[in-house]
Amino acid sequence: MKTAMELNNRYNDDKVNDACGLFGMMDLSGRRFGAEEPVKAIANMHERSNGLGGGFAAYGIYPEFRNDYALHVMYLNQESKEKSEAIISNNFDVLRSEKIPVDYSAHVIRPPLMWRYFVHPKQNLLSTLTSDDFVVEQVMRINMETCGAYVFSSGKNMGVFKGVGFPEDIAAFFRLNDYEGYMWICHGRFPTNTPGWWGGAHPFNILDWTVVHNGELSSYGINRRYLEMFNYNCTMQTDTEVLAYTLDLLRRKQGIPLSVVTKILAPPLWEEIADMNPTQKRLYTTLRMSYGSLLMNGPFSIIAAHQGEMMGLTDRIKLRPLTAATLDNMLFLSSEESAIRLVAPVLDRVWSPLGGEPVVGRLKSDTERIEVIAH
Amino acid sequence: MKSFLESEFTVVRDEERCIRCKVCVNQCAYETHCYDAEDDRILSKDENCVNCHRCVIFCPTHAIRIEQNVTGYTQNSNWSREAIVALKKQAEYGGILITGMGCDKPNFTYWDRLLLDASQVTNPSIDPLREPMEIKTFLGSKPDRIELEEVDDDVVLQTKLSPQLVCEAPILFSALSYGAVSFNVHTALAKAATEFGTYMNTGEGGLDERLYKYGDHIIVQVASGRFGVHPGYLDVGAAVEIKIGQGAKPGIGGHLPGEKVTEDISRTRMIPVGTDALSPAPQHDIYSIEDLRQLIYALKEATDYTKPISVKIAAVHNSAAIASGMVRAGADIIAIDGVRGATGSAPKVIRDNVGIPIELALASVDQRLRDEGIRNHASVIVAGGIKSSADVIKAIALGADAVYVGTAALVAMGCTLCQKCHTGKCPWGIATSDPWLTKRLNPDIATRRLTNLLRAWSLEIKEMMGGMGINAVESLRGNRMRLRGVGLTDTELKILGVKMAGD
Ligand code: SF4
Ligand code: SF4
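Protein sequences appear in the order of chains A and B. According to the numbering used here, the stretch in the first sequence is residues 1 to 375, in order. According to the numbering used here, the stretch in the second sequence is residues 1001 to 1503, in order.
What the hints contain is simulated information worked out from the structure, not anything from laboratory work. Be careful, since some hints might not be right.
[Stated by the list, open to error] Pair by pair, the computed Cβ-Cβ distance ranges are: (1) B:L1097 x A:Q254: 54 to 60 Å; (2) A:Q254 x B:E1263: 54 to 60 Å; (3) B:N1442 x A:F230: 49 to 55 Å; (4) A:Q254 x B:D1127: 51 to 57 Å; (5) A:K99 x B:V1156: 47 to 53 Å; (6) B:R1455 x A:D348: 48 to 54 Å; (7) B:A1118 x A:N233: 51 to 57 Å; (8) B:A1118 x A:P257: 45 to 51 Å; (9) A:L354 x B:V1156: 22 to 28 Å; (10) B:T1122 x A:F230: 26 to 32 Å; (11) A:D348 x B:S1388: 52 to 58 Å; (12) B:Q1294 x A:E82: 35 to 41 Å; (13) B:D1127 x A:K99: 38 to 44 Å.
Glycine included, each C-beta is placed from N, C-alpha and C at the ideal position.
The shape of chain B in the complex, shown without the other chains (with noise of 0.2 Å):
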């Protein structure tokens, strides 16, 4: 059949500059590139080009750029060029349209719309460079008293708080499966989340043993296909975490194709080398909330109430009243991850159709949550969509006690956002485990970049709460009269819980 799918993106290359040394050719996992030795030239191949940047970055002389592909169908403001390309796609091949990284569309993010508030004459700003600046956060159930004795003139603590996760900010790296990762991705979280005292989350393909050291900055996940999960996993790690859903593909498992199960994977994941490994969408032992309740106990059986647990869904219509069954469930952690949350490979109609933007999931848990009283029973973590420090601090505002980051920290190790990861072939070494591309990645220099990152975010969210004179993050969890919306509806505001700026 011949295809009527046109390149996407136009490669173009300054002869003049191009030294024909053959770096791009060798650089793109996507054979978009080869030398023509008759003429001495690098020839481009428009259509197998990603727009993943790879070539440019590498090119020694800056002699490539990459452009949209300029010949547009005719304007339709209905039949936008990415539904006429999907129908074509679709027409072609008859299945259902794979793609990578988390929703692109626009609208679904109110990060943008809400503001921060700054301390003006009646209430001083505090300098972060000459007082300190707190930001130390405590992930698990809290109870809603102490109990005290007082013994003679001193008092002798009763209570004895249930396990927590210790976070040097309230930032941890979301979950990314081995597998759909590769093992230097794996190893530089988490030697970022040790050095900087935060945490990572192993997702759903469990843990290689050499990773096992850092288990004391680990979550392990225990997901539908239980992949990578016995006794010594679920041991090593910091907390344990019940994947229930996930904001890419709500509702649905996932496929991790057979040619990404290499030896290493297939050991982690104990499964064959080779086959597929298929995530059912529901968990088969969760069919209820009462199901939950027993899985979370058996796995603090299981870990002799040494950890907490947590339990993550994906941010749907009814998300308050369903972590209102999580924490009365048990869970000590439930983690939210909204509409733009990421994935390795979803389908497309799920990924960009399905689910709601956290900043609601999150102001409707929070408030739930307080209205049944049992808010301090459960620490809350966001995810999806966290692209700043900005978004960090407006996220604690609206009430999260943290978030998990999770495209943040792949663009800060050479992500591009090309949305290709379901293709196997990242050219940044993360989302494939071919050795080929995967020791692009020094898991090193990813560490840097990662703690590098933790602690720019971390810097400016201390700037960002003296400035509002908060010198605790405590303070500012839930204190969402620090924020103000523009450009929201009444209804907007109100399920935020924010006035409008201004008011």
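Next comes chain A alone, as it looks inside the complex (with noise of 0.2 Å):
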């Protein structure tokens, strides 16, 4: 049986390529709606995929497990489930043990087993590793070691679902009309290099980080190597897995703002930080000389998101499309306007992201409003 890796990347290229449409919706005031709308509005860019990849990831959804990490598991075969299931009982304590529900005459195809844990960390085994670490270490684990088991989703109270189809079949598959969340990440594929493998599907996952992604980073290479150097295995070589772990590293590691994360991501030109005030000037020189290979070249547009922070990001010269919108509470990100239009055809205000320009809505507990972070 083949390895996660292996089956990721068949043809062992350079790394996984392929293009997209994306599409998140949140309610900044944490009200939790149903999946008809980011559903409908997903399906509405059906040209951007081509029934090789969709998924979805909904924040808030499993608030009776609120505190305990979510794993949904993807198997190919019963011995990786026996091996994975060792390695769950062996570190954590499970709470619930589940088949995902899911409706088999859902038009996907070859959909794999799915299962779910609602789990902890054993605490006499965390050592020195807080229990963040500890979950990323596991996961790894079964999705190196096991053979035919992937951890597709990792975080608390927030699930990925997400297969071989078009958005809209996978979402009927996963019965996502019996969810309800505060936050919802679309994704639908057109892969070039990996048909058939479920787990290649977006979003990609690790805890409570979702990141879906449209385009093809050129800098792979060095970002994946600059990664490597902070342990992170990129199994899956995609350039998802690479921004997720970048926004691990940034975010959770090393405590760096999200607004300033974003600026690593797609930084300024040397001639606009030639332009600005001293401080600034000192800030963003810092930043490009010590986070250079974390530079994401080449087209790209993503939305990431986490528990109650949206944010949507274009390459520094947006070779990809990225629209953003308001509508009272609500902020909408998409590839296209008219996906938006389709779920809100009236909205407060819709404008187009420069290049390099994150759009970071957090939930109004945290602040009172959907943030525009300009240059």
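The task is to assemble the complex, starting from two chains supplied on their own in separate frames and drawing on the hints.
Structure follows, in structure tokens:
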């Protein structure tokens, strides 16, 4: 049986390539809403995917387990399930273990077995690790060692649902209408070299970080080698994985504010830095000098989210599209404005963020506004 | 003793074109040509000719052609002409064969077996004429993380970076010591570095005070002979480089013959006029890695931690381990000079047989520093056989922060790679201190030739980056996925960390 890496990159290409449609929708008041609108919106961008990948991340869907890690695992064979469950039960207290409810009549291709576990790490095993680091370690272990199991979601009070099919079919398969979240991140995929592997679909998730991504990083080789120095193994060999690990390193491990992280991924040009005031100049020069290897070069637009925060960003010369819009408490991010208009024909504000200019939405308990951080 | 050596070159003069102007007679530094008044003819002593092309370029009627002597020895794949000539020379002189410039052997070059990528469909290429293309490069130690403090809605930077060199392109001029090259050459390098926004490296012979005004664009070298090293010299440079070794002659020192030590050079090198300047093989205060650490910190103390300290080594078999030690010893920059690195003078046997190709050394050093998680702590400059912008970009993709160019800069100024620098009679006024010859190199024109070269390479680098869909050089640095190999074995590909073309 093949490892997740072999499944994900079956021709051993430099990396996995794809292009896509993105959609994100967040109620900043924290009100939870169903999958109907996000699914309708991403389905509207049908031409941006080719039926070989669709997926969703929904936040706030497991309030009864809000403090526990929800592991979503796909199993390609029974043996990998046994191995994984051994790892899980040896390392975690398992509060619930169940099959993810699915609808086999949905139009999807060869779905693997889907299982979920609500867990928390056995305290005596943590030693010096934080719970988060411990979970990351176990997730990597299952993905690397079990040959056929793949943990595709590992955050708290959130879940990723993804697979091979058009996004609307994936939504039907996972019966997403049964869930309510305050933030939905959606993705329709057009892969060019990984047909048929459910784990290859987006969103990519680690802990409660989720990334959906459209584009191809021409800097992938060095982004990846830089992350390897910090012990991230890029087993999936996708740009999205590199983005997710970068966010994990900068935001979670190094505590850099998201607004600054976006300036590492898509930094201002040197000529723009030259025009800044001395404090800003020093900040941005230091950032570029220190984190040059994490500059995400080449075309991308991403939506990244974690508990309470959603961020949209494009590369600094905007080679891929992104539109933002607001209506009351709702923040929308989308590859195409039409998808937003479909679910909200009348909007308070619609705009196309400039290249490298992030759009960040936070739950209102954190801050009272949708923040648009300009250059 | 009758010499059994034959002339290497044949001077062919078109008598119909020759107007007896005697330009060739006056230009040749080796007295190849002479005027026979009786016959009103120019004659040539082929045995003196070194194929420097000085007469070819300056002959107003293009009457001269230099040919390889066609009289070859009997064809023999083992005993090449080169081998036979070397044996004869040694039989006649009984000494070490000395030569100039870098190793001229084939097969040591990997750049030409590496190919670059370009974007198609899934990823757009970028047009450098329409979009910004950034190749600005910073050299020095970088932190693994930045400390920021959030004050109200603002972030305040807490980290202070250690000193850095700022280059407008990842290309610096390699060490060329004063004495080995003329004052005019040093002047042109310093002016070109200043105008373009990069750095020249003094080499081991100090820096003439007249050039102190360009100090912000000069890396001052401290080598085993300590020639010209004094507080003012350390203060004036933008960075200090400790020279441990050089690619053309790893493991051995240097020798500037007394006849090259003129008044100016003696003042700068701080040795008497006419004395030989002998650089010992090792630095006599560095017999181990902890000694290197002491010298690095002595120089940091002496310069008040205001300048990056570079350490330059020749690429040898265990460069990776040495480099790791150098970074841990506190070097901000490590410079590695490969087997093809040039010199003003070296034993031919060493130049051609000691050291390893820079491509392999670079690949293993970069990977080792990453494996050990210390790649951010020092920048890597590579030298030794960078002959085009393609080599520069391949070096960057393999993992270098920047390159040093020496030979390429000399060629830009007029050098024709005749490999006779050690004679002190460079007909192009470069590797000489003879005033009759040095005045041949006009520093202003040479400056322009150098800045043109840097500009041309920068434009080419931007074109290639644009083709790869990369608009900032930091996204190319160490991005080996954008390289492929051709004609390489699995082991070579593994060491280089690149895939075979087509894979
Ligand atoms: S420089 Fe040319 S034209 Fe003048 S004497 Fe020499 S060969 Fe003749
Ligand atoms: S510097 Fe002068 S002597 Fe040396 S190779 Fe070049 S032309 Fe010949």
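B:S1388 and A:D348 - C-beta distance against the hinted 52 to 58 Å: 56 Å, holds
Whether the CB-CB distance between B:T1122 and A:F230 falls inside 26 to 32 Å: 28 Å, holds
Outcome for the supplied range 51 to 57 Å, where the beta carbon pair is B:A1118 and A:N233: Given a distance of about 29 Å, which is not inside 51 to 57 Å, the answer is violated.
Pairwise beta carbon distance, B:A1118 to A:P257, judged against the given window 45 to 51 Å: 37 Å, violated
Distance restraint hint 54 to 60 Å, applied to the beta-carbon atoms of A:Q254 and B:E1263: 57 Å Cβ-Cβ, so the 54 to 60 Å window holds.
Hint check for A:E82 and B:Q1294 - Cβ pair distance inside 35 to 41 Å: Since the Cβ atoms of B:Q1294 and A:E82 sit about 59 Å apart, the hinted range of 35 to 41 Å is violated.
Pairwise beta carbon distance, A:K99 to B:V1156, judged against the given window 47 to 53 Å: Since the Cβ atoms of A:K99 and B:V1156 sit about 50 Å apart, the hinted range of 47 to 53 Å holds.
Distance restraint evaluation - B:D1127, A:K99, Cβ atoms, bounds 38 to 44 Å: 53 Å, violated
Outcome of range test on Cβ distance (B:R1455, A:D348; 48 to 54 Å): 51 Å, holds
Satisfaction of the hinted span 49 to 55 Å by the C-beta atoms belonging to B:N1442 and A:F230: Because 52 Å falls inside the window, the suggested range holds.
Range agreement (Cβ of B:D1127 with Cβ of A:Q254, hint 51 to 57 Å): 35 Å, violated
B:L1097 paired with A:Q254, Cβ distance criterion 54 to 60 Å: 57 Å, holds
In terms of the numbered hints stated before, the structure departs from hints 4, 7, 8, 12, 13, listed from lowest to highest.
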